Each structure stands twice: as C-alpha cells, then as structure tokens.
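Student: Quick mapping for you: the protein sequence lines, in order, are chains F and P.
Residue 82 in my numbering sits at position 49 of the first sequence, with consecutive numbering throughout.
Residue 128 in my numbering sits at position 19 of the second sequence, with consecutive numbering throughout.
The hints are simulated quantities; they were obtained by calculation from the structure and are not laboratory data.
Errors might be hidden in some of the hints.
What the hints assert, rightly or not - A partial selection of chain F residues facing chain P, derived with a Cβ cut-off under 10 Å:
| no. | residue |
| --- | --- |
| 1 | 71 |
| 2 | 99 |
| 3 | 147 |
| 4 | 192 |
| 5 | 216 |
Claimed, not checked - What follows is a set of in silico ranges between Cβ atoms, one per label pair, in the way DEER data are often shown:
| no. | chain 1 | residue 1 | chain 2 | residue 2 | range |
| --- | --- | --- | --- | --- | --- |
| 6 | P | 240 | F | 91 | 47 to 55 Å |
| 7 | F | 297 | P | 314 | 44 to 52 Å |
| 8 | P | 169 | F | 59 | 36 to 44 Å |
| 9 | F | 88 | P | 242 | 31 to 39 Å |
| 10 | F | 51 | P | 235 | 31 to 39 Å |
| 11 | F | 145 | P | 282 | 26 to 34 Å |
| 12 | P | 169 | F | 199 | 30 to 38 Å |
| 13 | P | 230 | F | 223 | 52 to 60 Å |
| 14 | F | 177 | P | 242 | 49 to 57 Å |
| 15 | P | 235 | F | 172 | 31 to 39 Å |
| 16 | P | 336 | F | 199 | 34 to 42 Å |
| 17 | P | 169 | F | 286 | 30 to 38 Å |
These figures come from a predicted structure and were not determined experimentally.
Here a beta-carbon is modelled for each residue, glycine too, at the ideal position from N, C-alpha and C.
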Amino acid sequence: MMKNPAIVRDVVHFGGKIRRWLRVIAALLRKEEEVRREAPVLSILELIEPLFLIASLMVFRFTFERSGSPMAFVAPLGGSILLYYATGFIPKYFFISISFKRISQAVAPNRRRFPVENRLDDLIVHLIFRLIDYTILAFLVLGTMYLCGMKEAFPHDFKPIVPALAAIAALGFGWGLLNQVLRRAIWFWYFVSIALNRAMLLMSGCLFLPDLLSPEIRWWISWNPEMHAIALFRTAFYPQYPRLLLDTSYMAYCAIFALLFGLALERVTRRYQV
Amino acid sequence: MIILEQVTMNVAVHTRGATVYSKTRPVLSNVSLAIPSNRRIALFSAFESDKSIFNSLLCGLTAPRVGRVVKTVNVSFPVGYGGSFRPDLPVRKNVEHLARLYDLDSKDFAHFIGEVGRFGPAFNRPYSEMSAITQARFARIIGLSLPFDVYQLNDRCVVACKDKRDVLHQLFDERFQNAGMIISTANIKLALEYCNMALAMSEGELRLYDDVQEAFDSLRDATRTVRRRERRYLRRRTQQAPT
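Using the sequences plus the hints, can you model the full thing?
Tutor: So this is what it looks like as structure tokens:
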C-alpha cells in the first residue's frame, strides 16, 4: 500500500473567492431572468394573489355598503380604504413570498446544482427577484391609484420604505429557513406553519389599525415584528399615522436576529442536507 | 492534491425498500488521506452508492458530516451529471449558463459544444425535448469539455468514450493525456487498462493502493458478501410479492 504524501494546504485568496461568488450570483440572476423571459405568465401569476385579495376585499366592502349594512368598512386612516389595504398587503405578501413560496424549492435536499453553486446563492437570487417583483407591483398599484386622482398614493416620505422592506426581507428569510428545518424534523410542522401564517396575516395589522384596538390585544399584537415593519411602511404614506405601538428598534433587533439566525441555520444544516 | 482531513460521512440505511433516516451506515469514518491529482485512479467499493457519495464529496456537491476536504486543484463533477440544467430553457442557454458559472466565454463555449456535439436544431430547443440518450451524451460532452485538473468518471462513461467515431473519444483521449482521473468502477479489466492507482472503500475505510489488482482483491470478500445479501433480499421480495 502506498504511503500518504505530505499534506499541502489549499491557498485561495479571499479576493478570488469573492470574485467567484459574484460571478456565480451574476450567472444565476441571468439564468433566472432567461427562465422568466421564456415563461413570463408564471411570474405574473405569482403577483396576482395580493391583487386578487385586495380586489375581493373591495368587492365585499361595496356589497355591504350598498345593502346599508352596519358592517360596512370604513378606512381606519385617510380617505381611501383601497390605499390602506394596498399599503398593508403589498409588504405582507412580500414577506409571504420570501418565506414560504420559493424558499422550499431553493433549500430542497434533492435540488440538483453544480458544485460551484450554493444553497445560499439560490436564496439570495430568490430574494433579489422577489424584491424586484414587489417593487414593480407597488409602482403599478400605487401609480395607478395616483393617476386615478388619489394624491395620498404618492409617498410623502421615502425614507421609512427602505428600512421597512429590509426588515421584512430579513424576517422572511429567517422565518422561512426555520420553517424548512422544522418541517424536516417535525412531520406536522407543515400544518402548524400554515395555521401560523394565517394568524400572522390577522396579527400584522393589514386590515385594521393596531393602535385603535383594546390594550390587551394591542399588547399581544405588539410582539409581532412584522406589524412594526408594516406600520413603518405605512408611515411613508400617512403623515398622521399613530406611532403609539411602532417600535423601530424592536423591529431592527428582530430583523438582525432573524437574518443571523437564518444564516447560521443555513450553515449548520448544510452538512445534514435539510 | 486532494486532502481528506478526518472526514466522516454516513448514509441512511434502506430496509425493505424504505429509507430509515435514524439508522445509518458509515461510508467514511474518520478518514485522513491525500489523493494525488496527476494520476488515473480506480475507485472500488462494494456499494455503488458509496462511490457516488465519494464523488460528490470530492467535487463539493456534498459536505462531509465531520471533517473537511481540501483541494489544491479543480475537481470536476461526475462526468455525465446533469446538474441544474433547466428543462424549460433551450440547450444553448443552459450551456451558456454553465460557461458563466465556470468563467468561460459563454458564446464561444456554446458554439464549441454545438459544433462538436452535432446536436443540430435540437441545440436551440428546450432541454426537456432532447431524448434521454442525447441528454446523457450531451452531459458527458459538457463534463469533458470544461477545463478541470481532475475528472471523475464512471465505467459506463468510459465505455461510451471508447467509440472512436464519436467526438467523446477525442475529448476523453485529450483529457486522459493531460489530466488526472478518478474512475469509479467494479470492472477490473477496465481498471487495469486505464488506471495506475486505486482507491478501495470498505466499511468506512479508504485506502490508496499503487497496485490496482491488489486493491480489487482486498475488496473481493466484501463485494461478495454485499452481492449475496442483495440476492437474498431480492429473492425474499420475489417470494413475498402477491401473485
């Protein structure tokens, strides 16, 4: 039997690694763009869900109003309930699309990829494309409202939009990865995650103004960091938005924790093929 | 040089057709070994799955459970591996994507593959429209066309490259002269013909041999036991099958 030769350490410069990583990300972005160009309908269909939800809520509202029902909805803030729903559901669906829809495909253990590609690269590409999708959706929806004469649809302050979307992206990334890991470990977690998702839709303040609820409910809802991110997003459109519950530092801590936790989980589970 | 540093890798055990994740069998247990990159090495193992796991470990498709694999050379993915080819994208686009991943000129590389492989109009049609045989040939041509220091092949691929009329033979011949190879096989004749060293995997151990025949002989008993166990299992399944 042959003797083992002396061990030689692998020397790859940090700059070279970064260059290679950027090259892979650029190649994956280009491929995703080409896939979308080949089948544009699929990417449009994914954006229809939030639009459909907003439209169906508006239909309900008009039906109740016409029947003179006391259940007729009024806008919790501002003159337009459509704008209130749009500013709530667009960031909410951005969170859902990051954390639930494609993330399972990106981290699936049987996903085939070339050795230079990485699971994290897939996740980053997924995140970038969702951000582009929802920015376009927001421009289309809010732009159409503005053109229809709703002056409130144009943000009076653009500054809160960026941290709100960044916080939602970080929260979605961490929450989505945690769900994937728990789904592999606990067989019923799939059903629990769906129920939690529905509960979070109600608890994130898309349909109502959290500050106007009773103190007990307000205390429970204030633990949801997503609610703070949506509230911050709305402050860009409503100068008079109440800031009693809004805690940006809590939101930032949760977002940083979710991002670090998600990255750590991705790193740890890489060896276990979750 | 490819260096395995205290590498441990387990695989889930298949019992009666079902995968039992709680029970594992070691593929490599605490293995430290340096594999030369400029030689043609045969890889023997009693289990076929162990060989493919080892190939994935070397190229970086799988991370070891414990330890690490250090490489000073570029190791190819197993030649014939389809990777992340998108079935809905045209073949040309898939080739261009691969070229971008490996820092090659995408247009030139796609042109080269189209010319060399003689895929004709199928090259501009979706990958899913290719027949399975053409897909396999395409994946082999791609694997051998990309520049690596060490190529990982299996015996079926080597046999496919023997046809002197096919371009695969020329590509293989060129790589055979200038690059290292790891050929996973159970065929001793093929190993003796192409390889000048051998790796033998058995019960979590990995040994490097200078003599190919010696490596094959060291695994003969283990291979026989596994084959006997497989035959017994198949016989039992045939008896249990409803008539």
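Student: Between the beta carbons of residue 230 of chain P and residue 223 of chain F, is the distance compatible with 52 to 60 Å?
Tutor: Roughly 44 Å apart at Cβ, these two residues miss the hinted range, so it is violated.
Student: Is the hinted range of 36 to 44 Å satisfied by the C-beta distance from residue 169 of chain P to residue 59 of chain F?
Tutor: Taking Cβ atoms as reference, residue 169 of chain P and residue 59 of chain F lie about 20 Å apart, which means the hint is violated.
Student: Identify whether the interface hint at residue 147 of chain F stands, where standing means a beta carbon of chain P within less than 10 Å of its own.
Tutor: At 4 Å from the nearest chain P Cβ, residue 147 of chain F passes the 10 Å test, so the hint holds.
Student: Evaluate the given range 44 to 52 Å for the C-beta pair formed by residue 297 of chain F and residue 314 of chain P.
Tutor: violated (33 Å)
Student: Hint says 34 to 42 Å; check whether the CB-CB distance for residue 336 of chain P and residue 199 of chain F agrees.
Tutor: violated (58 Å)
Student: Cβ-Cβ distance between residue 169 of chain P and residue 286 of chain F: within 30 to 38 Å?
Tutor: With Cβ atoms ~35 Å apart, the hint holds.
Student: For the pair residue 169 of chain P and residue 199 of chain F, does the Cβ-Cβ distance stay inside 30 to 38 Å?
Tutor: Check passed, 31 Å falls within 30 to 38 Å.
Student: Under 10 Å, Cβ to Cβ, is where residue 216 of chain F needs to be relative to chain P, so tell me if that hint holds or is violated.
Tutor: violated (14 Å)
Student: Given the hint of 49 to 57 Å, is the C-beta distance from residue 177 of chain F to residue 242 of chain P inside that range or not?
Tutor: For residue 242 of chain P against residue 177 of chain F, whose Cβ atoms are near 52 Å apart, the range 49 to 57 Å holds.
Student: How about residue 71 of chain F: closest beta carbon in chain P under 10 Å, or not?
Tutor: holds (6 Å)
Student: Using the C-beta atoms of residue 235 of chain P and residue 172 of chain F, is the stated range 31 to 39 Å upheld?
Tutor: holds (32 Å)
Student: Using the Cβ atoms, figure out if residue 51 of chain F sits within 31 to 39 Å of residue 235 of chain P.
Tutor: Check passed, 34 Å falls within 31 to 39 Å.
When the structure is compared with the earlier hints, violations turn up for hints 2, 4, 5, 7, 8, 9, 13 and 16 and for no others.
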